[in-house]
Amino acid sequence: MEQKNTTLNTTEHFNNSVEKVEKNIELLHTYTAEIISSSQDVVNVVSKTMIALKELDKDMKLMDLSFQAYMKNADVNLKKIDIAKENLQRINDRMDKTIDQILSIDINTASVEVIRHRSELISALNLQITQVGNMLMKILDL
Amino acid sequence: MNQDELDKNYNSVMLLDRDIDSIKNQIQKIKDNIWEIADDISSASKPVAKYSAKQFKDAKNKDDFKIAAMTGAAAVVIDGVGKTFGLMGSVFAEIKGEFKLQKLRSKKKEVALAKIKFAEMTLAWGTVNEDKLGRILKNELSLVVNSYELDSELYYETRQKSLDNYLKCLTIIKMSEFLIKTYKIWINRSDNQVEKPCKQRLLKNYFIEKSQIFPSKMTKEYFIKELQMPTLRADIILLLQNEMFFNLLPITADELIKVTKYLPDGNIAKIAITNNSKYQNAIKLKRKKRKKTVYGWIFLIASVSILLFFNSWGWWNLLMVPFSLILFITAIFLYLDQ
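Chains U and B, in that order, give the protein sequences. According to the working numbering, the residues represented by the first sequence are 38 to 179, in order. According to the working numbering, the residues represented by the second sequence are 594 to 931, in order.
Everything labelled a hint here was simulated from the structure, so no lab data went into it. Please note that a few of the clues may not be correct.
[Unchecked claim] Cross-link-like lysine-lysine pairs, in silico, BS3-like; alpha carbons within 30 Å at most:
id, chain 1, residue 1, chain 2, residue 2
1, U, Lys85, B, Lys643
2, B, Lys871, B, Lys881
3, U, Lys85, B, Lys871
The structure displayed is predicted, hence computed values, not measured ones.
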C-alpha cells in the first residue's frame, strides 16, 4: 500500500514537472519571438543610420570642397586684381603721352594732315580708355 | 561699357554674400542630417524599452526583475547615445562651419579691400583725366562747320570718339565710386544702399552743369536761330546727331520737326538730325497722330452724312439706327488701331 502511494506521488510530481517545463518552453518561445522582433527593429535602425552617416560624410566632404573652391577662387581673384593694377599703371603711362600730344594740337588752326593725325591719336586713346573700362568691369564682376 | 553691362555688374555686386550663403546652407543641411540620425538612434530605444516594460510585467522572481532592469537601462543608454550624437554632432558642425565661414569671410574681405584699392586707382585715374578729356572734347566742339561733307570726312568720327572717351571716363569715375561705397558697406556690414549709376543723370550733371560741354543757358530762340544758319557750331551738331542728347535739347520734338521742315535741303542741321533715331521716331509718332485725326474726321463726317441721308427719308426708317451704330463702332476701331 505504502509502495503504491509512493508511486502515485512520483507520477504526480513528474506530471507537474512536465507541465512546468512545457509552460517555460512556451514562455521562452514568446520571449524569443519578441527578442527577434526587437532585434529586427534595431537592425533596421542601425542599417538606416549607417546609410544616413554615409550621406552625412558625403555632405561634409561636399562642403569642404565648396569651401576650398571658394577660397581658391578668392586667391585667383586677388592675383587678377594685382595684374589689373599693373596693367592700369602701364596704360596710364601710355595715355598721358597720348593726351599731351592731342592737347598740343588745336583743331581750329591745324592743317588737314595734323587733324588726321590728331584723329588717329584720339582713336588710340579710345582703345586705351576702353581697356581701363573693361578692366574695371571685370574687377566688378569677380 | 553700356547701361546693360552696368546693370549686370550692379546685380553681381549686389550678390556679394552668395558663396557665404551657400556654405551656410550646407552647414544647416549637415546639422539637420545629424539630428535625423540622432532621432533614428533614439527611436531604436523604443522597442527595447517596450520589451523591458513587458519583462517587468511578466517578472516573477528577482532574476526576472534584474533582466528587465538591464533591458530598460539598455534602452536608456541607446536613447542617450542618440541624443548625445545629435548634440555633439550639431555642435561640431556648428564649430567647423563657423570656422570655415570666418575663414571665407576674411578671405572675401581681403578681396574686397583689393577691389577697393583698385577702384581708388581707377577713380584717381578718372579724376585726373576727366578734365583733360573734357578739354579735348571742348576743342572738338569749338569748331564751326561749313559743310556737312567736310564734317563727315574730317571731324565726325573724331568728335564721336572724343565724346565716347569723355563718357567712358565719367562712367569709370561713377563705377569706381559705386564699387568703393558698396564694398565699404559690405565690409562694415551696414544696411545702407548704394545708388545705381545712371547714364542719363550723368549726361545732365556733367555735360551741362559741371563741365559745361554744352552751354547751360541755351535758349530755344538761340537754338532755332543757330539751326537756320548756313554754318553750324560743332556742339550743336553733336547734340543733333546723338540720340542720347535728344531729351537735353532746349526745344520739344514737335517744335524741332516744325523748324527742320522749313530748312533748305542742304542745311547742315537738317542733314545732321536726319539719322537721329529719336527724331525719326518723333516724326513717325506725329504722322500717326495726324493720320488718326484725319481718319477720325472722315468717319465722323461720313457718319453724319449718312445719318442726314436717312433722316431725309423720315425718322421712322429703323434701318438707319443699326447702320449708323455699326459705322460708328467701325470708325472707333479704326481710330484706335492706328
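*Which of the numbered hints above does this structure break?*
3
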